[in-house]
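Novice: Each chain, letter by letter, is given below.
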Amino acid sequence: MKKTISRRQAIGSISAAAAATTISASLGARRSRSRDRSGRGSSSRGGDTRSERLEAETVVDARVGTPIQFEKFTQEMPIPPIKQPLAVGKGNEPWVVGDCFHGVAPEYFTRTVSEDPTLKYPEKYPEKYYEMHLRDVVGEVIPGVQTPCCGYDGIVPGPTFKSRGLEPIIVRLYNHTHYETSMHLHGGHNPSHSDGYPNFYVLPGQARDYYYTNTIPYHHGVPDVGEAPSTMWYHDHGMDVTAHTCVLGMAGFHIQIDDFEQGLIDRNVLPSDPYDIPVMIADKRFNSDGTIFFDPLDHNGYLGDVYTVNGKAHPYFRVQRRKYRFRFLNASNARHIELRLSDGRPFVGLANDSWLFPHAMERDSILMSPAKRADVVIDFSKVDANELYLENILLQSDGRGPDGKLLDRDTQIPGVGLVKFIIEGDPVPGDCSVDVGTELREHIPILESEIEATRVFEFHRRKGAWQINQEFYDEFKSNACPRVGSAERWILRNTAGGWWHPIHIHLESHQIQTIDGQAPPEEWAYKSDVAMLGPNTETELFMKFRTFTGPFVFHCHNLEHEDMRMMFVFDPIKDGPKSNQPLSAYYP
Amino acid sequence: MKLALLKKASYCALSLSMLWTAGCQQQQAGLGSQDSAIQTELDKKNAARVASLSTDTYETVMNARVSDRFPDIDLIDHRGRDLQFYTDLIEDRAVCIVYFYTRCVGSCPITTQVVKKLRKDLGEVFGDELLFVSLTLEPEVDSPEELQTYMKIQGIEDDENLPDWIYATGNFEELDALRKNLGIYDLDPIIDADKTEHAAILTFGNDRTDRWAALPVGMDYEQLKSAMIRIMGNNPRQRFASRVQYREEMMKRFQESVAKN
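Top line first, the protein sequences correspond to chains A and B.
Going by the numbering used here, the first sequence opens with residue 1, and the numbers climb by one from there.
Going by the numbering used here, the second sequence opens with residue 1, and the numbers climb by one from there.
Since the hints were derived computationally from the structure, they do not count as laboratory data.
A virtual CB, placed ideally from N, CA and C, is assigned to each residue, including glycine.
Treat the hints with care, since some could be wrong.
[To be verified] The list that follows gives simulated cross-link-like pairs (lysine to aspartate or glutamate, EDC-like), each with its CA atoms no further than 20 angstroms apart: (1) A:463 x B:68; (2) A:477 x B:220; (3) B:225 x A:474; (4) A:463 x B:220; (5) B:117 x B:157; (6) B:180 x A:398; (7) A:463 x B:194; (8) B:195 x B:92; (9) B:225 x B:124; (10) B:152 x B:173; (11) B:44 x A:99; (12) A:420 x A:379; (13) A:463 x B:192; (14) A:463 x B:186; (15) B:195 x B:176; (16) A:463 x A:398; (17) A:463 x B:138; (18) B:225 x A:471; (19) B:180 x B:194; (20) A:382 x A:343; (21) B:120 x B:176; (22) A:382 x A:276; (23) A:477 x B:222; (24) A:420 x A:384; (25) A:382 x A:426; (26) A:463 x B:176.
[Claimed, not checked] Computed footprint of chain A on chain B; a stretch qualifies when at least three of its residues, placed anywhere within it, have a C-beta under 8 angstroms from a C-beta of chain A: (27) 112-126; (28) 139-145; (29) 168-177; (30) 220-228.
Starting from the given sequences, assemble the full structure and let the hints guide the process.
Specialist: So this is what it looks like as structure tokens:
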């Protein structure tokens, strides 16, 4: 603090030219000292004179990609470990639930659904208690290069939660980083306090109890089993920091299996562990010193030129000749990807986002915006070759969105290999029976007759920032107050001139009815939680708002846009006006 | 009815201060006369919690520094002093950068009024450590004299009790490169050529902690202020303790809105 004042005095009193030289001389020395302390060295970067400084800038020029050369497909793709609970069952709580800085959701104590205060959540399994620590960590993303990251339990991606449908779990999250964080369970149906509302932080050095009821919403008095999620993921959602922390690695999988899906596994229809593999794809850019490049002042959307898969850059994965279930997740900030297998072999699609399809369907390639999941089966027993690549064939050159070109079709450049599958051995006998057409989970469509209200949300860009309906995110304002238990028609309109906006709506799935007046492709016709809005398109969707009162948010999942306040609040309320109103029933 | 609303509002505000404690117990604890007692109790707890926040300034080791990418260009400020962008304005301090030009009639005056308010409010938190920098989009027109005239018209004075506010001009090419470095540009060249498009974003950060962000001026003022404190603050105490004052501010606002209705 002392030094700041002295410099300011210098600026104020000494004549202009003299001040400039004095200041740069005295600060130059301090600057190199601070560089040494932070371990980056002062020789190549952070030079004392201006010419050295300009030279240093070229090293981190935003227009140049990762300056590290490495051989692809030399590291094995890791599978994140399964998170183990500290204790199971009531009476075994390892700590007093709610007795931490940020408390626990009120629903933990009442266990009631908000439509009917006498109705308890359906709970089937004993509660499980987890403890998770968010830490800084140094890992090897590119072979032989040490990269500082930030991860849940100090790993990237974070550990995989495996929960059963209707099994409540409590996660006490300790934040050991210097970022304010808020963990969002993407695809889940959980109380607002635990949903990761952007301003419900876990402050540095503090903890919060996330209470996941893992309950299923009701449909005409019975649990809506079609709504049971499968592949969820958790990631940071803290206001103003989401883009940065997600690039640093704050994300992980949460896989939920309910009785129905367990039945499919037991009957050997779907592959299970160890043939059920979550795959997190995220693009990154690196500086020459191995740190992850991130520019918080680039608001268009972060693009990397190195693809990490489960935390490793372009890994390989050894598989047997049998069916594998892969849960692909695009955990990038702004990168849209189109997945394809290098021999053009179609995938057997099981699910879009969190929810299983009514029947398995053939998918030649899979277009995924940020935050989208795609659950597929790949049958390696039919592959003659010993190698197969998972590729991204979508061309994207800036944060606005895909360029509209497919690599192999339009440019003669082969797709970018993300993972190399090394296929070993003979076909395994007694393989799973899943194939195109296999019946999966029942889908209950929301009917036109159930719709109580229609809302229009227009997404656009103005004066260097993105807005919804001419407004910025206001944490205190509810932009929509649907009645709990009701269904609504939402029209999402993108008028942002060339920008893509993947819109994620929290709390529940939505059912896309039309895109630009036409029926959506079949894989998007059932349930999703991210609606991809291409430039100048309009998506009509039906959605129900059940079980919990708000606040919840919906926002663009291009995380830079989200941090620039392209986000709205919806607050399901029990009764009352459906017009916009200030949030009144608001709890942490 | 009013009381119940107020109570709800207090929950709201509490949540936002993020210093909420066992809300459910309070929800069950009853209404009306106990309100003030609960409030005092909460204030005590909040004070204790603020005290538990660390005052250590961390040194970031996570990334190459954001400010490493800022070119150290030559600038002339409204007083005619020669300054270097990085060494004199950014290094080792909290700074808020605004784009403007004196002939601007669109967004600039609105932005200026918001920054004026911020200068006063953030000065209470940061004191001398904070600096406001206005960079011109039209350096060919905006000479130091023009800047001074503009400041006079806008009612901005050099005040010892407030954080410094420097209006600066320079070479067009260098300033344009700096603008792109700071992320104040549009990918569409036609929109990018429209200068008023760039004057509604505040870019701010702290070179010591290497935290940077940019937010639109058009968002809610209290939330903008709160976010700036959170991002520019030196340590957790400075960054998050203001949320207590913030809560009071929000309480006031809710009470006003209830009274109005």
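Novice: Evaluate each hint against the coordinates.
Specialist: Evaluated hints:
no.	hint	verdict
1	A:463 x B:68	violated, 26 angstroms
2	A:477 x B:220	holds, 10 angstroms
3	B:225 x A:474	holds, 13 angstroms
4	A:463 x B:220	holds, 16 angstroms
5	B:117 x B:157	holds, 13 angstroms
6	B:180 x A:398	holds, 15 angstroms
7	A:463 x B:194	holds, 10 angstroms
8	B:195 x B:92	violated, 30 angstroms
9	B:225 x B:124	holds, 12 angstroms
10	B:152 x B:173	violated, 27 angstroms
11	B:44 x A:99	holds, 17 angstroms
12	A:420 x A:379	holds, 15 angstroms
13	A:463 x B:192	holds, 10 angstroms
14	A:463 x B:186	holds, 9 angstroms
15	B:195 x B:176	holds, 11 angstroms
16	A:463 x A:398	holds, 19 angstroms
17	A:463 x B:138	holds, 17 angstroms
18	B:225 x A:471	holds, 18 angstroms
19	B:180 x B:194	holds, 14 angstroms
20	A:382 x A:343	holds, 12 angstroms
21	B:120 x B:176	violated, 29 angstroms
22	A:382 x A:276	holds, 18 angstroms
23	A:477 x B:222	holds, 13 angstroms
24	A:420 x A:384	holds, 15 angstroms
25	A:382 x A:426	holds, 10 angstroms
26	A:463 x B:176	holds, 17 angstroms
27	112-126	violated (count 0)
28	139-145	violated (count 0)
29	168-177	violated (count 0)
30	220-228	holds (count 3)
The earlier numbered hints that this structure contradicts are 1, 8, 10, 21, 27, 28 and 29.
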